[in-house]
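Chemist: Each chain, written out:
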Amino acid sequence: MKKTRSVWRNLLGTALVLSLFLTACSSKSSSGSSGDPVTITYYTIDSPDRTYVEKLIPEFESKHPNIKVKVDKAPYEQFDSKLQANIAAKKSPDITSHFGYGGFMEYYNKGLLTDLSDIMKEDNFKAADYGIQEELMNIYKVNGKTYGIPSNNYVTLMLYNKDLFDKAGVAYPPSDYEDASWTFDKMVEMAEKLTVQSDDITKAQYGVDFGWGELDMRPTYFGAKVYSDDTWTNGGKPSETYFGSPEAIAAYQKWIGMIWDKKVSPPPAFSKAVAGQFGDPFLSGKIAMSVVGSWSLASQKDFNFKVGVAAVPTGGNDKVRSVLYVDPLFVLKDSKHPKEAYEFIKYMISKDVQEQSIELSGGTPPINDSAKEKYYNNFEGIDPNIIKQVYEGANKYGVESYNHLVANYSQINELFINELQSVQNGDQKVEAALPVIQEKLTKLLERVNK
Amino acid sequence: MTQKITLGRSIAFLILVVCTAAMISPVIFMISTALKTKSEMMLFPPTWIPQTFQWKNFTELFTNDEIKFGILYQNSVIIAFFTVIGTVLSSACVAYGFSRYHGKGRNLMFMLMISTMMLPYPAIMIPQFLLFSKLEWMDSFLPLIVPAFFGSAYQIFLLRQFFNTLPNELYDSGKIDGCSEFRMFWNLALPLSGPALATVAIFSFVWSWNDLLGPVLYLSSQEKFTLPIGMAAMISSKFRIAPWNLLMCAAIMAVLPVVALFAIAQKRFTEGIVLTGIK
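Line by line, the protein sequences are chains A and B. Going by the working numbering, the residue at position 427 of the first sequence is 408; the numbering climbs one at a time, nothing skipped. Going by the working numbering, the residue at position 114 of the second sequence is 180; the numbering climbs one at a time, nothing skipped.
Keep in mind that the hints were calculated from the coordinates and are not lab data. On a predicted model such as this, the values are computed, not experimentally measured, just so you know. We treat Cβ as the ideally placed atom computed from N, Cα and C, and that holds for glycine. Worth double-checking, as some hints may not be accurate.
[As the list claims (entries may be wrong)] Residues from chain A that keep clear of chain B, each with C-beta distances beyond 10 Å, as calculated:
no.: 1; residue: Pro29
no.: 2; residue: Asn47
no.: 3; residue: Asp96
no.: 4; residue: Thr183
no.: 5; residue: Ser280
no.: 6; residue: Phe284
no.: 7; residue: Lys355
[Claimed, not checked] According to the in silico footprint, chain B covers these stretches of chain A (three or more CB under 8 Å from chain B):
no.: 8; region: 49 to 61
no.: 9; region: 263 to 270
[Said to hold, decoys possible] Not close to chain B: a few residues of chain A, all C-beta gaps over 10 Å, as computed:
no.: 10; residue: Ile26
no.: 11; residue: Asn358
no.: 12; residue: Ala413
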């Protein structure tokens, strides 16, 4: 037994020595010195269209010798987990945005964001100096306080496959939002001419893929109200929702009707089959028109066909035709250097940096109006004037995506994806599904917004 | 010795061929995509044989400054190597103890240890992160390697079951010849446990090699990133077309060590079985 004990003692000793040794050779401890310069952390997604920020830092640091900027990054899927762990460990980054699954309202309701109003007031910040339209500034205000400063201006637009249009001899869709003849019905009519019905998946072709906003937002396009007005002022918590209303049901019927009645839109099975790994069936060259976020424009040079840009047609809502995805930059609550972080945000939205960002990221739309001209000229083979026209129209008739404005959005979105799946697959009627959604949503909101 | 070809046999053969084809087609498609150009990669319907073989995709993978594949590879190898050593050594020690010594509360301790297997990673993620953060181990390989030196419940369980099958006579004869306890572990138990150790080595290697969330949480500078982080980053952009052809090159490179390890360990497998032929 003695021997046994000594073995254990040896093992324990070895383990202790090992752990001491490993601690000793661990990385250098973070600098705890109180003197300047201060280091701020910018947390983003690990992909070239986001990490280009690294290339902008040297210039910022040379202009602000007392501020050092560090970039921390994570893949998309793990973005929220890493942020959560770092906040829990009191190692919160200073600047980030809702790059992951969660939207602005989730950050706001968890109390993660710094109110920037005082810092901005002290600095005499004017949105116009940075070419930011007031309406876009208002998106990230709650009760008059600013929690985020817009930095990128994605919109929803229509991309179309010029090759398919030429082959069918159909005129291209217009880019002018003021063209009253460009309606939803006109689009469906056009799509009918561009659809080739066939059981052979290599021959089948569809007129339009209508990816307008997230699923819960779609009735808005057709003029139906789905969330009560207080949602937009009280921190994203709707007191009432109207998904069971006749208007909402009619709106979903119009959208689903394109798949199953008119048969001009691809059913999910077709989209999955041709899009496979790429997610967007438009890239397969089997879809004539696609209503998508303007990020799709950035990879247009890789498409295997000629692409055009057009306005989103009017669908019955005079005010809303395009979903905006205005990405802001936030300063997180636990930031020890909010003023320095704010300085960096100002740098990021300045004209020169916004212009550089377009090139470095491969086509990120600037928020700064003075940098937009460069963005419009960034896409080879597409007339800059048309992009400009489409962008200006989209911003004029745009509304910010609900995924940024409604609290607990991931759960709401998941509910819609699950419940509408059978409808999209043609197994259930819209009028049967919507009352169920309304009921489940009411219960969900009661639970999460208490 | 020729075997008769019966109807049953040919049906079985046919089923096997179909199954094999189903299993191998993704691998073939992976290799095919790895050798395609970007525009061919997006063709629909997809081609099985690339029009032109783009061998330079591999060169690009290693020379691309944004991917830094060589460094990713090196980091993954370092972490996996130490994880395997740590897991095998520590788990074998603990398992040997559980198998050889009969003390009070042994079963209770064993149950306690096994119960840690029930804890999902997200449950311990934050506390563990706080611990390593307090130790100032952030942005180093230590949080990924050091836990391996403290055993893994699953591997300990596996090894203990194996050690239990070794006959007591073996240790008795060892004692008669004057073996110390450690020598009995090192020179008797371990050499006879080839297959079990090989299994533990493969499991811990594959686990460490594939781990994504751990490295994402603990590493923050690019030059410390591992293969899974780099590969996840390649498909991280929701706004761009992912470079699937390069990603498939990366996948081929990432699969190679696993295949190699399996081939080597398989040999040890049979060796181990031969050696344990004690009567």
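Chemist: All hints are to be evaluated individually against the structure, with a verdict given for each.
Modeler: Hint check:
no.: 1; hint: Pro29; result: 5 Å, violated
no.: 2; hint: Asn47; result: 23 Å, holds
no.: 3; hint: Asp96; result: 27 Å, holds
no.: 4; hint: Thr183; result: 5 Å, violated
no.: 5; hint: Ser280; result: 5 Å, violated
no.: 6; hint: Phe284; result: 8 Å, violated
no.: 7; hint: Lys355; result: 18 Å, holds
no.: 8; hint: 49 to 61; result: holds (count 7)
no.: 9; hint: 263 to 270; result: holds (count 4)
no.: 10; hint: Ile26; result: 5 Å, violated
no.: 11; hint: Asn358; result: 19 Å, holds
no.: 12; hint: Ala413; result: 32 Å, holds
Consistency note: the structure conflicts with the earlier hints numbered 1, 4, 5, 6, 10.
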